[in-house]
Structures are given as structure tokens and as C-alpha cells.
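Engineer: Chains A and B, in that order, give the protein sequences. Under this note's numbering, the first residue of the first sequence carries the number 27, and numbering increases by one thereafter. Under this note's numbering, the first residue of the second sequence carries the number 708, and numbering increases by one thereafter.
To be clear, the hints were calculated from the coordinates, so they are not data collected in a lab. No residue lacks a Cβ here, since even glycine has one placed at the ideal position from N, Cα and C. Don't take each hint at face value.
To be verified - Coverage of chain B stretches by chain A, computed from C-beta distances (three or more under 8 Å per stretch; other residues unrestricted): (1) 753-765; (2) 827-839; (3) 847-855.
What the hints assert, rightly or not - Using 27 Å as the maximum straight-line C-alpha spacing, the simulated DSSO-like pairs for lysine-lysine come out as follows: (4) B:767 to A:186; (5) A:102 to A:130; (6) A:190 to B:852; (7) A:195 to B:763; (8) A:186 to A:175; (9) B:852 to A:195; (10) B:831 to A:195; (11) A:71 to A:102; (12) A:186 to B:766; (13) A:116 to A:195; (14) B:831 to A:100; (15) A:133 to B:852; (16) B:852 to A:186; (17) A:102 to B:852; (18) B:831 to A:95; (19) A:95 to B:763; (20) B:763 to A:186; (21) A:106 to A:190; (22) A:175 to B:763; (23) B:767 to B:852; (24) B:816 to B:767; (25) A:190 to A:175; (26) A:102 to B:763; (27) A:190 to B:763; (28) A:95 to B:754.
Residue-level listing of the chains:
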Amino acid sequence: MADISFLLLIFFLVTTSMDVNQGLARRLPAPVPPDQKVENTDINKRNLMVVKINSANQLMVQGQLLDVKQLRAKAKEFIKNENDDATLPKLVEEDFGEPIGVVKYTKDHVISVQNDVDTQYQAYLDVQNELVAAYNELRDECARQYFHKGYAELDEDQQKQVQKVYPQKISEAEPKNYGGE
Amino acid sequence: MAKIRRNDKREMPALNTSSLPDIIFMLLFFFMSVTSMKEVSYKVQFKVPQATELVKLEKKSLVRYIYVGTPTAEFRKQYGAETRIQLDDAFAETNEIGEYIVNERSSMKEQDQGLMTVSIKADKETRMGVIADIKQELRRAYALKISYASTQRTSF
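Build the full structure now, drawing on both the sequences and the hints.
Structural biologist: Next up, the structure:
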């Protein structure tokens, strides 16, 4: 008996791999039909935050060199626009239903990530991660304010409500050669 | 009067092993429950990048993987050291991804087809050009739910 279970045990010991499948979940935009012209949607400049990553993995946010560690705070400031700054996205009032009620939020903000062909995958993922983290933190703050619970503890409908206040808008451009030779 | 005898040679009793199977079984069940079989044998080697905002991939049957990395030592002679893509058990070109996705999707149950997730397991040193090509290919194949496989970062 013990021999057989030993055998099985060793088999599972060998085949086991503890790594769980986890990753940064993203959603790609639907493909553009070939017959459709690419229209340049006119985005108001104040609603747009451009994050560029060059081939040396350096970050440029709104025309300024920035460290990736500061990106989260910068993104949060941009998405929230707490003080109705004229250089940050326009605030729009909308009713989100109980218990959030009528709140001002930056409806049309867009964060555009542009990377070089030679950008390292890790650097790209760092940026994506920080932006997602900014949204997650804001949603969590919102959940705590109105539901007195963390975002993860809310049920599905409540999460959707919170998502409406902070809609995730990260757009990705086709990679171009920035800062190349 | 009884004499209390002192045994100079006291022998150690044999270790009782009757509970050994129970212990082994317990270990066995532990490993059985945590085990997850490797999906394929890797032909490329990669170290996935690190991130913090991780989401676990539920439902293995809905996930398809794309491996990106440099060929392992045994394939290096044949394929060189350039970054390559692996689908299932074979090397593939970028333009084969679309077909692969369509095939995999059609083999799923109909109600599950919209829930398919593609997990990109790429080496952290990969150039973004490769990843961007894959993403374009996935978009074309309407595989829009993707996940960049990564490990938990403990410190910045």
C-alpha cells in the first residue's frame, strides 16, 4: 500500500509545477475593417495624455521625461482631475445611480501609449501595469467612499457602477520608430 | 520482596510504521491537488516579466497560449538565437497565429467561444515589435481578450 502511494507521490512531485497562470489582463480594440477609412477622431488636447516609450525604455509623459515609478501618481492625477484644472481632462457631471449619485468625472479622457519597435517588453508592461494600477486604485478609493468596502468585495453590479465613474481608456498606437537612428 | 531489576541493555522498540501510508497519502493528495500539468514542452525559453496588477486566469480550457522567446539550446542550431514564436508544440510564424486561433476557437463549445483568452507568455527581453505583430494578428482573428503572463513583483 505504502509502496504504491509512494510511487504516485513521486510521480506527482516530479510533474508538479507550482506556477499559477496569472497575468495582466487587457482587451484589444476590434480590428478596423479594411474598407473603412481611418478617421482621425478629434480629441481635445486637454483630454489626452500621451505616454511614449523609446527604444532605450525611457518614458515621456506629456512631453516630459518621467520615471516609471511616478507614472501611477501622474495618471491618477490626470484621470481624476480633482481640482478642475484647465490643463487636465474636462469634468462632466453624470448620474451614476444610488448610492453614488451625481458626480463629476473625466468622461472623455484618453491615455495613449506609444512605444518603439525596440522597446523592451518589460518596460512596456511596466507602463501598462502602472496605468492599470492607477485605475484600480481610483476604483478602490471610489468603492470605499460610496460603498465603504474595497472594490474587490463589491458585487458585480456595484463594480460596474464604479467602473462607469472611472472607465478604463488606454489606447495603443501602432508602434513606430521613435528615437531611432 | 520483589527485586527491581535494572536492565543494563535496554533495547529500543522498533519504530511503528503503521501510520506511514496515511502520511504518504496525505502528501500525495496535497501534490495531486496543487499540481498543474505543463501544457506543452517548451521549445523556446522565456522569463516572463514582472507586474503587480495580476489577474488569475480561470478556466484552463478557455485559455490558449502563445510562447515567445529564444529557442532552447537543442534547437538553437536549427533555428538560431532570434526570438521565435511557439504555438502548441511547434515553432510558428506570426502569420500562422490567426489560423491557429480560428481553429482553436472552432473546436470550443459555442457558448465558450466568446470567452476565449489568449495568454502571451513572452520573455521580458523581447522587442516590442514582435509583440505588436502578435497583437495585430490577434486583433485580426478577433481574439481580443488577452493576458500578458507575468509574475508577481515583490519590489520595484
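Engineer: Give a verdict on every hint.
Structural biologist: Hint check:
no.: 1; hint: 753-765; verdict: holds (count 10)
no.: 2; hint: 827-839; verdict: holds (count 11)
no.: 3; hint: 847-855; verdict: holds (count 8)
no.: 4; hint: B:767 to A:186; verdict: holds, 25 Å
no.: 5; hint: A:102 to A:130; verdict: holds, 15 Å
no.: 6; hint: A:190 to B:852; verdict: holds, 20 Å
no.: 7; hint: A:195 to B:763; verdict: holds, 22 Å
no.: 8; hint: A:186 to A:175; verdict: holds, 15 Å
no.: 9; hint: B:852 to A:195; verdict: holds, 15 Å
no.: 10; hint: B:831 to A:195; verdict: holds, 25 Å
no.: 11; hint: A:71 to A:102; verdict: holds, 18 Å
no.: 12; hint: A:186 to B:766; verdict: holds, 22 Å
no.: 13; hint: A:116 to A:195; verdict: holds, 15 Å
no.: 14; hint: B:831 to A:100; verdict: holds, 25 Å
no.: 15; hint: A:133 to B:852; verdict: holds, 24 Å
no.: 16; hint: B:852 to A:186; verdict: holds, 18 Å
no.: 17; hint: A:102 to B:852; verdict: holds, 25 Å
no.: 18; hint: B:831 to A:95; verdict: holds, 18 Å
no.: 19; hint: A:95 to B:763; verdict: holds, 24 Å
no.: 20; hint: B:763 to A:186; verdict: holds, 19 Å
no.: 21; hint: A:106 to A:190; verdict: holds, 13 Å
no.: 22; hint: A:175 to B:763; verdict: holds, 22 Å
no.: 23; hint: B:767 to B:852; verdict: holds, 14 Å
no.: 24; hint: B:816 to B:767; verdict: holds, 14 Å
no.: 25; hint: A:190 to A:175; verdict: holds, 17 Å
no.: 26; hint: A:102 to B:763; verdict: holds, 24 Å
no.: 27; hint: A:190 to B:763; verdict: holds, 23 Å
no.: 28; hint: A:95 to B:754; verdict: holds, 22 Å
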